[in-house]
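Trainee: Chains A and B are the protein sequences, given in the same order.
Here the working numbering is used: position 8 in the first sequence is 57, and no number is missing along the way.
Here the working numbering is used: position 111 in the second sequence is 127, and no number is missing along the way.
Just so you know, not all the hints are guaranteed correct.
Residues from chain A that keep clear of chain B, each with C-beta distances beyond 12 Å, as calculated [to be verified]:
#1 Glu65
#2 Gln87
#3 Thr100
#4 Lys109
#5 Gly110
#6 Lys117
#7 Thr119
#8 Gln130
#9 Ser132
#10 Ser134
#11 Lys149
#12 Leu159
#13 Pro162
Partial list, computed: chain B residues near chain A (C-beta under 8 Å) [to be verified]:
#14 Ala18
#15 Phe76
#16 Tyr119
Here are the computed distance ranges between Cβ atoms for each label pair [to be verified]:
#17 A:Gln94 - B:Thr23: 15 to 23 Å
#18 A:Arg157 - B:Glu98: 21 to 29 Å
#19 A:Ala102 - B:Glu68: 19 to 27 Å
#20 B:Phe85 - A:Gln94: 36 to 44 Å
#21 A:Ala102 - B:Asn87: 36 to 44 Å
Think of the hints as simulated: they come from the structure by calculation, not from any bench.
For glycine and all other residues, C-beta sits at the position ideal for the given N, C-alpha and C.
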Amino acid sequence: GNSVTQMEGPVTLSEEAFLTINCTYTATGYPSLFWYVQYPGEGLQLLLKATKADDKGSNKGFEATYRKETTSFHLEKGSVQVSDSAVYFCALIRMDSSYKLIFGSGTRLLVRP
Amino acid sequence: KAGVTQTPRYLIKTRGQQVTLSCSPISGHRSVSWYQQTPGQGLQFLFEYFSETQRNKGNFPGRFSGRQFSNSRSEMNVSTLELGDSALYLCASSLGDKANEQYFGPGTRLTVT
Chain A
50 GNSVTQMEGP VTLSEEAFLT INCTYTATGY PSLFWYVQYP GEGLQLLLKA
100 TKADDKGSNK GFEATYRKET TSFHLEKGSV QVSDSAVYFC ALIRMDSSYK
150 LIFGSGTRLL VRP
Chain B
17 KAGVTQTPRY LIKTRGQQVT LSCSPISGHR SVSWYQQTPG QGLQFLFEYF
67 SETQRNKGNF PGRFSGRQFS NSRSEMNVST LELGDSALYL CASSLGDKAN
117 EQYFGPGTRL TVT
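Construct the complete structure from the given sequences, taking the supplied hints into account.
Mentor: And the structure:
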């Protein structure tokens, strides 16, 4: 079946530290991959996406590269800010069949000043 | 463009009652998906509608149902509420084609007592 696995949180970093949140997936076919972010009390915001192997999605200093050989889509940011504190979800969608997003369990990021 | 709106934002119901949640998609979007978010199960797909037709359904009991209107607005209904139905219900809209970037609303927080 299709699934997404994320690293357990919480991830606690100091401001300006480098961030990596690991995400690996299992899917038949050729999924598109997404990162969503959820701030307290809010819905999900699309952070970035990649639709094919070797694509790099980027937004607001975050980036992730679609690695088909390792079935991974790790989220990175060079210098985190306190305002980046949130829960991050990796997700996939299979373009050849269903229209549903399959989410990982989420990783909580806490950035300290 | 206005984002996805959901009403109501908060709801408290009693076991056995039924509830209807509403979602208005981004203008021009024809697909609406519903997801349930709980601490234990994470984000789970409920169903997806496109042009008033249900295209996909998740693994939820028949107490969960939905519909979509000709203006793409969608409602979901949960009958005979159970304590375990307490969750954040998220609606997402997309153009409905294979691009499938889904944009989420703020959610409806349902508490069943």
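Trainee: Classify the label on Pro162 (chain A) as holds or violated, using whether its beta-carbon is more than 12 Å from each beta-carbon of chain B.
Mentor: Holds: least Cβ distance 27 Å, greater than 12 Å.
Trainee: Is it correct that the beta-carbon of Ser134 (chain A) has no partner in chain B closer than or equal to 12 Å?
Mentor: The assertion about Ser134 (chain A) holds, with a minimum of 18 Å to chain B.
Trainee: Is 36 to 44 Å respected by the C-beta to C-beta distance linking Phe85 (chain B) and Gln94 (chain A)?
Mentor: 26 Å, violated
Trainee: Does Gly110 (chain A) clear chain B by more than 12 Å, comparing its Cβ with all Cβ atoms of that chain?
Mentor: 20 Å, holds
Trainee: With 12 Å as the threshold, tell me whether Leu159 (chain A) passes as away from chain B on beta-carbon distances.
Mentor: 17 Å, holds
Trainee: Should the label of Glu65 (chain A) as a non-interface residue stand, given a Cβ cut-off of 12 Å to chain B?
Mentor: 29 Å, holds
Trainee: Over 12 Å to the closest beta carbon of chain B is the bar; see if Lys109 (chain A) clears it.
Mentor: 16 Å, holds
Trainee: Kindly confirm whether 19 to 27 Å is satisfied by the beta carbon distance between Ala102 (chain A) and Glu68 (chain B).
Mentor: At roughly 36 Å between Cβ atoms, Glu68 (chain B) and Ala102 (chain A) fall outside 19 to 27 Å, so the hint is violated.
Trainee: For the hint 21 to 29 Å, verify it against the beta carbon of Arg157 (chain A) and that of Glu98 (chain B).
Mentor: 28 Å, holds
Trainee: Tell me if Ala18 (chain B) is really an interface residue toward chain A, meaning its C-beta lies closer than 8 Å to one of theirs.
Mentor: 14 Å, violated
Trainee: Verify the CB-CB distance for Gln94 (chain A) and Thr23 (chain B) against the hinted window 15 to 23 Å.
Mentor: 20 Å, holds
Trainee: Beyond 12 Å from every Cβ of chain B: is that where the Cβ of Ser132 (chain A) lies?
Mentor: Nearest chain B Cβ is 19 Å from Ser132 (chain A), so the label holds.
Checked against the numbered hints above, the structure breaks hints 2, 3, 11, 14, 15, 19 and 20 and satisfies the rest.
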